[in-house]
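Sequence order for the protein chains is Y and W. Take 1 as the starting number for the first sequence in the numbering used here and just add one per residue. Take 1 as the starting number for the second sequence in the numbering used here and just add one per residue.
In short, the hints are calculated from the structure, not lab data. Be aware that one or more of the hints could be misleading.
[Stated by the list, open to error] Just so you have them, the derived chain W footprint on chain Y, three or more residues with Cβ under 8 angstroms:
{"hint": "1", "stretch": "4 to 16"}
{"hint": "2", "stretch": "65 to 75"}
{"hint": "3", "stretch": "98 to 111"}
{"hint": "4", "stretch": "137 to 143"}
[As the list claims (entries may be wrong)] Short derived list, chain Y residues pointing at chain W, Cβ under 8 angstroms:
{"hint": "5", "residue": "M1"}
{"hint": "6", "residue": "T62"}
{"hint": "7", "residue": "R93"}
{"hint": "8", "residue": "G173"}
{"hint": "9", "residue": "T201"}
{"hint": "10", "residue": "V203"}
{"hint": "11", "residue": "I209"}
{"hint": "12", "residue": "T214"}
Quick reminder that beta carbons are idealized off the backbone N, C-alpha and C, glycines included.
This is what each chain is made of:
Number of protein chains: 2
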Amino acid sequence: MSITLAAIPNIPMIAPGDDLAQIITDALLASGLALAPSDILVVAQKIVSKSEGRAITLPKVTPSPRALELARITQKDPRLVEVILSESVEVVRARPGVLIARDRRGWVCANAGVDRSNVDQDDPHGETVLRLPVDPDASAARLREGLCERLGIDVGVIVADSHGRPHRNGTIGVAIGAAGLPALEDLRGCHDLFGYTLQHTQVALADLIASAATLLLGQAAEGTPAVIVRGVPHTQRDGSAQELVRPIEMDLFP
Amino acid sequence: MSITLAAIPNIPMIAPGDDLAQIITDALLASGLALAPSDILVVAQKIVSKSEGRAITLPKVTPSPRALELARITQKDPRLVEVILSESVEVVRARPGVLIARDRRGWVCANAGVDRSNVDQDDPHGETVLRLPVDPDASAARLREGLCERLGIDVGVIVADSHGRPHRNGTIGVAIGAAGLPALEDLRGCHDLFGYTLQHTQVALADLIASAATLLLGQAAEGTPAVIVRGVPHTQRDGSAQELVRPIEMDLFP
Numbered sequence: 001m002s003i004t005l006a007a008i009p010n011i012p013m014i015a016p017g018d019d020l021a022q023i024i025t026d027a028l029l030a031s032g033l034a035l036a037p038s039d040i041l042v043v044a045q046k047i048v049s050k051s052e053g054r055a056i057t058l059p060k061v062t063p064s065p066r067a068l069e070l071a072r073i074t075q076k077d078p079r080l081v082e083v084i085l086s087e088s089v090e091v092v093r094a095r096p097g098v099l100i101a102r103d104r105r106g107w108v109c110a111n112a113g114v115d116r117s118n119v120d121q122d123d124p125h126g127e128t129v130l131r132l133p134v135d136p137d138a139s140a141a142r143l144r145e146g147l148c149e150r151l152g153i154d155v156g157v158i159v160a161d162s163h164g165r166p167h168r169n170g171t172i173g174v175a176i177g178a179a180g181l182p183a184l185e186d187l188r189g190c191h192d193l194f195g196y197t198l199q200h201t202q203v204a205l206a207d208l209i210a211s212a213a214t215l216l217l218g219q220a221a222e223g224t225p226a227v228i229v230r231g232v233p234h235t236q237r238d239g240s241a242q243e244l245v246r247p248i249e250m251d252l253f254p
Numbered sequence: 001m002s003i004t005l006a007a008i009p010n011i012p013m014i015a016p017g018d019d020l021a022q023i024i025t026d027a028l029l030a031s032g033l034a035l036a037p038s039d040i041l042v043v044a045q046k047i048v049s050k051s052e053g054r055a056i057t058l059p060k061v062t063p064s065p066r067a068l069e070l071a072r073i074t075q076k077d078p079r080l081v082e083v084i085l086s087e088s089v090e091v092v093r094a095r096p097g098v099l100i101a102r103d104r105r106g107w108v109c110a111n112a113g114v115d116r117s118n119v120d121q122d123d124p125h126g127e128t129v130l131r132l133p134v135d136p137d138a139s140a141a142r143l144r145e146g147l148c149e150r151l152g153i154d155v156g157v158i159v160a161d162s163h164g165r166p167h168r169n170g171t172i173g174v175a176i177g178a179a180g181l182p183a184l185e186d187l188r189g190c191h192d193l194f195g196y197t198l199q200h201t202q203v204a205l206a207d208l209i210a211s212a213a214t215l216l217l218g219q220a221a222e223g224t225p226a227v228i229v230r231g232v233p234h235t236q237r238d239g240s241a242q243e244l245v246r247p248i249e250m251d252l253f254p
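Same shape as in the complex, but just chain Y (with noise of 0.2 angstroms):
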């Protein structure tokens, strides 16, 4: 049993109103790699972003009077700040340096999401920041449904982000995104290997999957941001990402 992840090389730097679809069959296309049924496709968030036109530059934001008072406490840019309110539900945690919020998809994350680098290569002074797709689930299912289109195969996907949690050091990838392959897989009920039944195991497949991508998405200057997985077991349906949010009241770490 095997599994195999190759990156896929010479994806262009993404632009609002890129067609990702496209975009990616063609680099398969000049690589010489191909997709297959039941593959999984995992692509950065930030280029999914950039190509749903998620970035936005911060001269233009007005910081409002909380979005000051969080700045002050966290040591951050107020417009920054602004943005981060604006994709929040929440503020989960504000320390010096840190602001933790409950994104609007239910992601619980440093800054709801909102990311400065690799955004604007005219903006090397980070004045550009970058927003979570507005629905990643939706955007997993459209770059699916345009890779089977184009290629005529059906094929997992996910939207990759890279997070920090409680309790560990060192931030890990997560699915925020996904479409085409279950993102939570039940167990529960299944024996184990000597019939005593696993009560509690649900396994987060989608956010194994990401992180197991990650190893390759490249955090900084390599900027490889989609990645063929190929062998994962896993059963049978269609999901989202949306299955991994923890609902707040089931939360043991509001």
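Model the placement of chain W on the given structure of chain Y, informed by the hints.
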């Protein structure tokens, strides 16, 4: 750029005192798989714990008054709670059905990593539980040395476990032990595609690899406890999973 993961087949049931390096060497020879320099071998915590005699039978355990009280709150077996307490430095959350502890190694996880499933084929009723290795970093280092002695090849080794986490549903793979690779890759100070300096990016490399391998490690009946991971780009240094422990005073979700 690509990564491959291969499950090592035909690893037998592990018993206390078993030499994992020898067993994995034998399984590699039998399967035709081979380790190469810079490969990373991921082993499931369970086989490490079993080989180190970390199983304990509940009828031998006498619960303390504190275990009885926590068992009442969590609705868990008081003897299991006693084992969990013996493995913990702090109870983090106790609710009906839930006991999250900071274990002796610093991991915040359900039941301090003590597990009832897959422990003993003579015990289908779950009266035997398995504790984490006493020092999983040392376990990883021993396995690395044992493989180097037998095969003449220096690989990285990760001891992987499945943990739940705050905010998101489902378990993911995490590294609780590591040797021969950095557990945390520090990208602080690297430049991104356009020159904006990444200021806070530390990647939990060993957790990413553990999650990737968890796609094959098999939570239930499959029983594949060792995976070879090939092609992961990383800096060359020795490391330890302790790099991934967030100190309590730095934890915003205590």
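Hints, verified against the model:
no.	hint	result
1	4 to 16	holds (count 5)
2	65 to 75	violated (count 0)
3	98 to 111	holds (count 4)
4	137 to 143	violated (count 0)
5	M1	holds (4 angstroms)
6	T62	violated (23 angstroms)
7	R93	holds (5 angstroms)
8	G173	holds (6 angstroms)
9	T201	holds (5 angstroms)
10	V203	holds (6 angstroms)
11	I209	holds (7 angstroms)
12	T214	holds (5 angstroms)
The structure does not agree with the numbered hints 2, 4, 6 stated previously, though it agrees with the rest.
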